[in-house]
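Work the whole structure out from these sequences, hints included.
Here's the letter readout for the chains.
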Amino acid sequence: MSFDQNAFLIIITAAMIAISCGLLGVFMMLRKMSMTGDAISHAVLPGIVIGFFVSGSQRGLEVIIGAGILGILATLMIDWLRRKARVQLDASIGITFTLLFAIGIILINLLAYKVDLDQECVLYGEIAYLPIDLWLTKSGLNMGPRILYLSLLNLILVTAFIILFFKELKVTSFDENFSKVIGIPAGLINLSLMSMVSYTTVSSFEAVGAILVVALLVVPPATAFLWTRKLKLLIQLTIVLGIGISIVGYYLAYLFDSSIAGMIVSVAGIAFLASALFKSKSFLSRFGTSRQPESLKKIV
Amino acid sequence: MEDFLYFFTFQDPSIVFVVIGIILLGVGSAYVGTYSFLDKKALLGDAISHAILPGICLGFMLAGEKNPLFIVSGAFISGALATFLSSWLNKNTRLSEDAIIASILSIFFGFGIVLLTIIQKSGNPEMAGLNQFIFGNAIAIQESDLYIYGGLAVFIILCLTIFQKEFSLLVFNPDYGRAIGFPMGMIRVIFNILMILSVVIGIQAIGVVLMAALLITPGAAARFWTDRLGVLVILAGVFSAVSGVLGTYISFVIPQMPTGPWVVVFLSILALISFLFAPKKGVLSRYISRRIYLKKTHRDHLLKLLYKGIEADKSGLPIEEIYEAFPFQKKQSEQSIKNLAKDNFITQNQSFIELSISGKSEAKRIVRLHRLWELYLNEYMNIAPDHVHDTAEKLEHILTPEMEELLESRLNFPKLDPHQENIPRDHDEL
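As given, the protein sequences belong to chains A and B, one line each in that order.
Residues 1 to 300 (this note's numbering) make up the first sequence, in order.
Residues 1001 to 1430 (this note's numbering) make up the second sequence, in order.
The hints are simulated quantities; they were obtained by calculation from the structure and are not laboratory data.
Treat the hints with caution; some may be incorrect.
Covered by chain B, according to a simulated footprint, are these stretches of chain A (three or more residues, beta-carbon under 8 Å) [said to hold, decoys possible]:
no. : segment
1   : 83 to 93
2   : 105 to 111
3   : 217 to 228
From the three backbone atoms N, C-alpha and C, an ideal C-beta is built for every residue, glycine too.
Spelled out as structure tokens, the structure:
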């Protein structure tokens, strides 16, 4: 076990990414759009590659813009397939993200010599390189790890977005028709939530990879949802979980010498499955004292 | 071009194996996928395909090499575990289905990545082959692999064909199946096993991430062309096989190119063509038939207007009055007048429009249908006379001559509608 400066930086960054993803993930889950989040995080890949190619580096604003456009495009494409072509929702999601992800992989292979980006990096990222990937100013001043700043900025923007539009997000998540009646543009709120998800995906994918972003979007909110029904508590619990899994995940990865991002997700998975087991209907009806499941109440 | 001939004339026996392999895999996955698409569980396939990554890694760790038997059984076990977990969570927690699928998918994949990095750091030289499972490489299919993967694919296809009745019951109406004595729980388990098997064999060619496309897209595309299950399944198989061969060809020509993404791109192109251009259900044909229908309703309304003019003792109407009767639709009105004149239903004298003989009888028919339907609603459905107009306004365009005859005899050839207006017959003088 070591606790040096690098470990601290990695854990802080991972926790910030987990919190940004979790905050957005809570609302995605309440809208029953978790799989759309999955689709978006796959679908931004071509945008990232094109942005890389245009700007020539991964620091360019082009990457974020490209990914944002692709994220919105994916949302619109799913919507088009569902409404206009009348494909059922699950198939629309499946078709959209596989096509866009496939195009992304093809672009990476076609531009392999021009773009410093490989499939593995996109898939699982490597947060372990964070301390050596430094942000140097023009005068050569060392400002610390670059990804740390990216995730800090991301966290600030996501938090600001959630705080500013908390009422709108809440109302549109629970009752879309009511929100339209009281004059909230539900479609616009939805699109901006999707854009935030795409932006978070891009900002985090270098560290944790495109697919593990999904895990951070979905698993902590789902775990928290098993424990509470209150929105505020749900958000707080998600944040705590995000920090917890980052710390435990890092040390387990250190112990087994494996991918940190993968281990964080595995820890989240264990927490999720344990909560599900503990809060499941069959467990509660056998051992539970606090609350009986609905079905039993009727019999009694 | 040389490559093209070399590939498609099948001179090289290894290419023959690859092509047979990819066709079998594609058809098998498309077959299972079509059923799960109809079952509206398409994304479960996505979860399973991500979830078998840890199984593949464990199989590799145990065997110490890329042994297809170990890998297939490892993949199968972790796929089965994921399927079981997601249905258990669905029953025992209050999480929504999509949150469950997304969680299972990402947790298993994350764990798979942990195992993959552990293998990478162990420095096993056989490791190189393992990355193929993530994006697929059909070119790497060898004779020995073909017997296992191809054999499983044939098994899947045979199973689904023999028990077609049971699986269609499962997809379309499981409650009915249970009522007539089929063991639906058992059938569900067998279907899930087939689905996991098809994913397990498909990843060789397509890879873990994109396997969902091979399950979902062919069925969704084929659904636009037919309503018959037999045809649907065959069509999905054809789509999948064609894209499989094309994708393999691309990765044959460009060596470091993985097969999976290209197969998915070709499949999606086929799907997009189906969505847009399929007869009856395609976006384009629905748009066209809607336009035709709108034109017909406008024409009918115009004839009715002229007929009402005659009822009010005007032999015809000036064109301006017609335009005014349909505000904001001047273009459509112009077009309808042109078409009616071409069909000799109206005569146009400068800007005064009159019904011709055949036009009168057509107008009478529409008005008759409208008023007959109003009377029917009033007499048989007990709907108040001031509530019947709107429905009649829609149905006058689509009532068939047979329906008209039936209405006439049911209502005993009535003279007046609920608004005390004359129901015109062909022999009536105007």
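Hint-by-hint comparison with the structure:
1. 83 to 93: Since three or more residues must qualify, the claim that chain B covers the segment 83 to 93 of chain A holds, with 8 doing so at under 8 Å.
2. 105 to 111: Held - the segment 105 to 111 of chain A has 3 residues with a Cβ nearer than 8 Å to chain B, which meets the minimum of three.
3. 217 to 228: Held - the segment 217 to 228 of chain A has 7 residues with a Cβ nearer than 8 Å to chain B, which meets the minimum of three.
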